[in-house]
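Generate coordinates for the entire structure from the input sequences, incorporating the hints supplied.
These protein sequence lines are chains B and F, in that order.
Those letters in the first sequence? Residues 1 to 315, by the working numbering.
Those letters in the second sequence? Residues 1 to 446, by the working numbering.
You may find that some hints are simply not true.
Stated by the list, open to error - Straight-line distance between alpha carbons at most 30 Å, and here's what the computed BS3-like set of lysine-lysine pairs gives:
| no. | chain 1 | residue 1 | chain 2 | residue 2 |
| --- | --- | --- | --- | --- |
| 1 | B | 74 | F | 139 |
| 2 | B | 84 | F | 247 |
| 3 | F | 105 | B | 84 |
| 4 | B | 84 | F | 427 |
| 5 | F | 163 | B | 84 |
Said to hold, decoys possible - Derived contacts from chain B toward chain F, CB cut-off under 10 Å, selection only:
| no. | residue |
| --- | --- |
| 6 | 69 |
| 7 | 70 |
| 8 | 72 |
| 9 | 73 |
| 10 | 76 |
| 11 | 79 |
| 12 | 137 |
| 13 | 150 |
| 14 | 156 |
| 15 | 213 |
| 16 | 261 |
| 17 | 276 |
As the list claims (entries may be wrong) - Away from chain F, derived, C-beta distances all over 12 Å, residues of chain B:
| no. | residue |
| --- | --- |
| 18 | 53 |
| 19 | 96 |
| 20 | 115 |
| 21 | 119 |
| 22 | 174 |
| 23 | 256 |
| 24 | 265 |
| 25 | 285 |
| 26 | 299 |
Since the hints were made in silico from the structure, they are not lab data.
Using N, Cα and C, we set each Cβ at its ideal position, and we do this for glycine too.
Residues per chain are reported as follows:
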Amino acid sequence: MATMTGAGAQVVNLRPGAVPSSHRRPRRHGGGDGWAAALCLAPALLIIGAFVIYPLIATGAWSLTSWDGISPTKTFVGLKNYGKLLHDADFRNSMIVTLVYALGVCVLSVVTGLGAASLLNGSFRGRGLYRTAFFMPVVTSSIAAAAVWQYLFSSSGPVNAALSSLHLGAPNWLGNPHLALVSLTLLTVWKQLGLNTVLYLTALQTIPEHVYEAAAIDGAGRWQKTRRITLPLLRPMTFFVVVEALVTTFQSFDLVYQLTQGGPLGGTEVIGFLVYRTAFVTGQFGYGATIAYAGFAIVFAFTWMQWRFGGREQT
Amino acid sequence: MKFRYLGAALVAASLLAACGSTANPGETGTSGSTSSSGEASASAGTDGSTGSADQSPAGAALTLWHYWDGNNADTFQAMVKDYESSHAGTTIKLVNVPGSDLLTKLQAAAQSRTLPDVVIGDLVTVPRMAQTGSAVDLKSLIPDDVWSDVYPEMLKFGQQDGKQVSIPVSANTLAWMYNKDTFAKAGIDESNLPTTWEELTDACAAVKDKTGQPAFELFTQPGTDGEGVTWNFQVSLWQAGGEFLNKDNSAAAFNSDAGRKALQFWVDLVTSGCSPLGPWGEFEKGNAGSAQEGSWMVGIWKPQPPFDFGTAQIPHPADGQAATNMGGEQAVVFAQDAAKQHAAADFLTWFDSPEQATSWSEKTGFLPVLKSVADSQDYKDYVAQNLPELQPFVDALPTAHARPATPLYPQVSLAFAKEVEKALNGKSVDQALADAETAVNQILQG
Numbered sequence: 001m002a003t004m005t006g007a008g009a010q011v012v013n014l015r016p017g018a019v020p021s022s023h024r025r026p027r028r029h030g031g032g033d034g035w036a037a038a039l040c041l042a043p044a045l046l047i048i049g050a051f052v053i054y055p056l057i058a059t060g061a062w063s064l065t066s067w068d069g070i071s072p073t074k075t076f077v078g079l080k081n082y083g084k085l086l087h088d089a090d091f092r093n094s095m096i097v098t099l100v101y102a103l104g105v106c107v108l109s110v111v112t113g114l115g116a117a118s119l120l121n122g123s124f125r126g127r128g129l130y131r132t133a134f135f136m137p138v139v140t141s142s143i144a145a146a147a148v149w150q151y152l153f154s155s156s157g158p159v160n161a162a163l164s165s166l167h168l169g170a171p172n173w174l175g176n177p178h179l180a181l182v183s184l185t186l187l188t189v190w191k192q193l194g195l196n197t198v199l200y201l202t203a204l205q206t207i208p209e210h211v212y213e214a215a216a217i218d219g220a221g222r223w224q225k226t227r228r229i230t231l232p233l234l235r236p237m238t239f240f241v242v243v244e245a246l247v248t249t250f251q252s253f254d255l256v257y258q259l260t261q262g263g264p265l266g267g268t269e270v271i272g273f274l275v276y277r278t279a280f281v282t283g284q285f286g287y288g289a290t291i292a293y294a295g296f297a298i299v300f301a302f303t304w305m306q307w308r309f310g311g312r313e314q315t
Numbered sequence: 001m002k003f004r005y006l007g008a009a010l011v012a013a014s015l016l017a018a019c020g021s022t023a024n025p026g027e028t029g030t031s032g033s034t035s036s037s038g039e040a041s042a043s044a045g046t047d048g049s050t051g052s053a054d055q056s057p058a059g060a061a062l063t064l065w066h067y068w069d070g071n072n073a074d075t076f077q078a079m080v081k082d083y084e085s086s087h088a089g090t091t092i093k094l095v096n097v098p099g100s101d102l103l104t105k106l107q108a109a110a111q112s113r114t115l116p117d118v119v120i121g122d123l124v125t126v127p128r129m130a131q132t133g134s135a136v137d138l139k140s141l142i143p144d145d146v147w148s149d150v151y152p153e154m155l156k157f158g159q160q161d162g163k164q165v166s167i168p169v170s171a172n173t174l175a176w177m178y179n180k181d182t183f184a185k186a187g188i189d190e191s192n193l194p195t196t197w198e199e200l201t202d203a204c205a206a207v208k209d210k211t212g213q214p215a216f217e218l219f220t221q222p223g224t225d226g227e228g229v230t231w232n233f234q235v236s237l238w239q240a241g242g243e244f245l246n247k248d249n250s251a252a253a254f255n256s257d258a259g260r261k262a263l264q265f266w267v268d269l270v271t272s273g274c275s276p277l278g279p280w281g282e283f284e285k286g287n288a289g290s291a292q293e294g295s296w297m298v299g300i301w302k303p304q305p306p307f308d309f310g311t312a313q314i315p316h317p318a319d320g321q322a323a324t325n326m327g328g329e330q331a332v333v334f335a336q337d338a339a340k341q342h343a344a345a346d347f348l349t350w351f352d353s354p355e356q357a358t359s360w361s362e363k364t365g366f367l368p369v370l371k372s373v374a375d376s377q378d379y380k381d382y383v384a385q386n387l388p389e390l391q392p393f394v395d396a397l398p399t400a401h402a403r404p405a406t407p408l409y410p411q412v413s414l415a416f417a418k419e420v421e422k423a424l425n426g427k428s429v430d431q432a433l434a435d436a437e438t439a440v441n442q443i444l445q446g
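Shown next, in the form of structure tokens:
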């Protein structure tokens with residue numbers, strides 16, 4: 001399916017082995033080929049090894065220790081940290097917060113991404129300008145963006161000024177745990193909007209015009225075209241956007257760090273922030289690694305789902 | 001075209017391969033020069049500390065990490081230059097590491113055995129730094145007359161198994177800062193400021209009535225590390241006669257009558273609207289009448305005050321006592337080489353001499369770590385003439401308490417702050433303190 005190649009291609013690119021296929025190259029001398037291939041691969045393997053494989057293994061090893069991050073010795077404690085995880089109220093709270101956050105971001109990402117893409121898919125004056133504007137938040141530094149939103153949502157900030165001028169009250173956005181999570185969700189969706197819009201735009205533009213024309217001849221109206229053609233053909237992209245949003249939320253740290261620092265009352269203590277706080281702020285590296293692994297397991301499960309789903313769609 | 005590029009790539013690759021094959025069996029010299037020299041000095045260091053140490057203070061090349069910036073960094077650098085020119089043979093390379101990165105960088109350096117010779121960091125992190133196992137006992141390296149002149153509470157941060165692994169180099173305290181305009185509007189006379197919690201509560205009503213503002217901003221959200229809440233609350237706890245942890249830092253001590261009194265005071269301030277409940281900073285923005293603030297704020301605000309501000313002692317319970325909390329920086333020596341240890345100790349002794357300490361305090365606005373400096377006429381005159389707002393902070397020094405010196409303190413502080421936040425949001429004071437006690441004891445007793 002045409003729309004799937006976007007997501008599918010990304011998946012393929014992740015495999016470094018796919019890049020230099022030796023049989024296409026003319027053989028210059030006997031055994032040199034394997035060496036050359038190994039050499040070409042070496043930088044990539046080195047980088048992946050140092051920044052992906054090693055941290056993965058080291059974190060796994062640390063999660064079995066009570067290491068404080070600074071002592072020369074690391075005491076092996078077996079699965080004690082994982083046992084602690086099961087009874088840790090902070091971790092439980094963090095899982096709930098992260099799941100609610102993930103759900104909110106997923107739903108809103110799809111709605112806003114698709115909405116914006118539909119608007120920008122038409123032809124009108126200044127289309128390029130609008131597309132650029134929508135993409136701006138994606139390339140803005142997270143800390144700067146969150147700092148601006150912190151100001152917007154502060155109790156005497158512009159959002160409340162606008163709301164109270166409409167007699168809609170002045171909610172304490174960052175002082176109430178539930179509203180703080182709403183604020184964080186909105187910020188995240190806004191930050192990702194440009195990316196989701198571009199993804200949906202590509203998907204929309206790969207739907208051939210003749211499909212719609214054929215439907216029109218069969219007497220399909222505007223609503224039927226949307227429901228029977230556009231939405232089904234966008235499904236793979238929607239799934240990609242959803243998984244992408246899930247991964248983003250489970251790894252979210254920078255926006256929380258700047259906007260709410262996990263508060264108030266732990267209302268925005270998402271798992272990425274909990275890991276940082278546990279390992280780096282309170283000096284529990286071993287336990288922080290354990291929480292990171294729990295988060296990794298969940299992200300891994302979602303990524304696996306993405307692969308599986310993608311594969312099924314293509315066949 | 002493609003072929004040509006491919007050919008070039010292959011040639012380049014085989015060249016690289018050739019280099020690799022000759023370099024591999026040979027010396028590891030050039031490629032790892034920085035790390036191997038680091039290793040070398042580290043291993044030499046261990047030899048020096050265990051074996052026969054050279055006692056001659058001949059000077060050495062030192063590396064020193066600190067996180068001061070702006071005027072503080074400039075002043076420090078000028079003092080170091082001054083020291084170098086009068087102490088031939090010793091050079092001090094200053095490395096500025098942002099405060100938030102210092103401990104992380106130190107962790108990495110400890111792992112790769114590339115610790116700097118001296119680190120000047122926040123006093124509360126000294127026990128964490130000592131966990132590297134490489135912090136040097138400074139007791140015998142620095143003369144007794146320095147140790148006896150430093151405020152004893154400050155020395156607690158570096159006391160460990162009979163050793164003294166840090167020396168204070170700067171200090172600050174908390175005192176009360178208020179917005180003069182707001183208090184004037186509320187009819188609070190500067191010569192008759194509230195000195196007790198009871199009087200403060202009355203003042204709250206007046207400020208609320210006349211200006212609509214909260215009168216006294218508390219630190220109500222733990223933020224990233226909880227310490228903003230905890231170290232401010234400790235002041236109220238000590239004022240009420242309580243203690244935070246027991247003597248040997250093995251159990252919580254705040255679940256007491258004093259603890260309940262202090263937390264109830266905080267809860268009452270929030271429920272009565274005397275303190276806002278939300279992110280810290282309303283007083284600094286001019287939206288609250290007063291707050292407990294650090295002495296560094298005087299230096300920050302003095303050149304361009306956001307509003308007319310005054311300072312005073314923090315009100316305490318009528319039947320309680322004056323108390324404040326103490327911050328500042330302390331130096332830890334990691335050098336394992338005897339010559340470097342002596343050079344570092346010599347520099348720190350010089351830095352903490354009355355003459356240098358006075359100039360350092362006057363130029364930076366840091367409070368003196370030496371009793372003799374705080375009590376000297378020179379320093380008193382300087383403060384009276386140039387920084388009168390600093391006086392209450394200096395006066396508070398003798399009543400300043402030290403926070404518990406344990407590497408587990410960051411965990412304790414965050415766990416405690418979370419319960420204070422819950423109490424301020426409706427949880428009962430008794431329950432919050434009991435839960436905080438359980439959490440803290442779990443941390444301290446493993």
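These are the hints, each one checked on the structure:
For a cut-off of 30 Å, the pair hint linking residue 74 (chain B) to residue 139 (chain F) stands: about 29 Å separates their Cα positions. With a C-alpha separation of about 28 Å, the suggested pairing of residue 84 (chain B) with residue 247 (chain F) holds against the 30 Å cut-off. Of the pairs offered as hints, the one joining residue 105 (chain F) and residue 84 (chain B) holds, with about 28 Å between alpha carbons and a cut-off of 30 Å not exceeded. Taking the CA atoms of residue 84 (chain B) and residue 427 (chain F), the gap is near 25 Å; set against the 30 Å cutoff, the hint holds.
This hinted pair does not check out: residue 163 (chain F) and residue 84 (chain B) have alpha carbons roughly 34 Å apart, beyond 30 Å. Because the smallest distance between the Cβ of residue 69 (chain B) and any Cβ of chain F comes to about 5 Å, under 10 Å, the interface hint for this residue holds. Proximity of residue 70 (chain B) to chain F holds as hinted, the smallest CB-CB distance being about 5 Å (cut-off 10 Å). Annotation: residue 72 (chain B) was flagged as interfacial toward chain F, and the flag holds, the nearest CB pair being 5 Å apart, inside 10 Å.
The restraint placing residue 73 (chain B) at the interface with chain F holds, with a minimum CB-CB distance near 8 Å, inside the 10 Å limit. At a threshold of 10 Å, the smallest CB-CB gap from residue 76 (chain B) to chain F is about 15 Å, leaving the interface hint violated. About 17 Å separates the beta-carbon of residue 79 (chain B) from the nearest beta-carbon of chain F, more than 10 Å, and the hint is not met. Checking residue 137 (chain B) against chain F by beta carbon gives a least distance of about 23 Å; that is not within 10 Å, so the hint is violated.
A cut of 10 Å between beta carbons decides the hint on residue 150 (chain B): the least distance to chain F is about 8 Å, and the hint holds. With a cut of 10 Å, the hint placing residue 156 (chain B) at the interface with chain F holds, because the nearest CB-to-CB distance is about 7 Å. A hinted interface residue such as residue 213 (chain B) counts as satisfied when its beta carbon comes closer than 10 Å to some beta carbon of chain F; here the least separation is about 41 Å, so the hint is violated. Interface hint at residue 261 (chain B): satisfied, since its Cβ lies 5 Å from the closest Cβ of chain F, which is below the 10 Å cut-off.
Checking residue 276 (chain B) against chain F: minimum C-beta separation of about 8 Å stays under 10 Å; hint holds. The non-interface label for residue 53 (chain B) is consistent with chain F: the shortest C-beta to C-beta separation is roughly 19 Å, beyond 12 Å. At roughly 16 Å, the least C-beta separation between residue 96 (chain B) and chain F is larger than 12 Å, which holds for a residue marked as non-interface. Chain F leaves residue 115 (chain B) outside its interface by the beta-carbon criterion, the shortest separation being 32 Å against a cut-off of 12 Å.
Every beta carbon of chain F lies more than 12 Å from that of residue 119 (chain B), the smallest distance being close to 36 Å; the non-interface claim holds. The Cβ of residue 174 (chain B) sits about 6 Å from the closest Cβ of chain F, inside the 12 Å cut-off, so the non-interface label is violated. With a minimum CB-CB distance of about 10 Å to chain F, residue 256 (chain B) fails to clear the 12 Å threshold, and the non-interface call is violated. Annotated as non-interface, residue 265 (chain B) brings its C-beta within 12 Å of a C-beta of chain F; the closest such distance is 6 Å.
With a minimum CB-CB distance of about 8 Å to chain F, residue 285 (chain B) fails to clear the 12 Å threshold, and the non-interface call is violated. With a closest Cβ-Cβ approach of about 23 Å to chain F, residue 299 (chain B) is found to remain outside the 12 Å limit, as its non-interface label requires.
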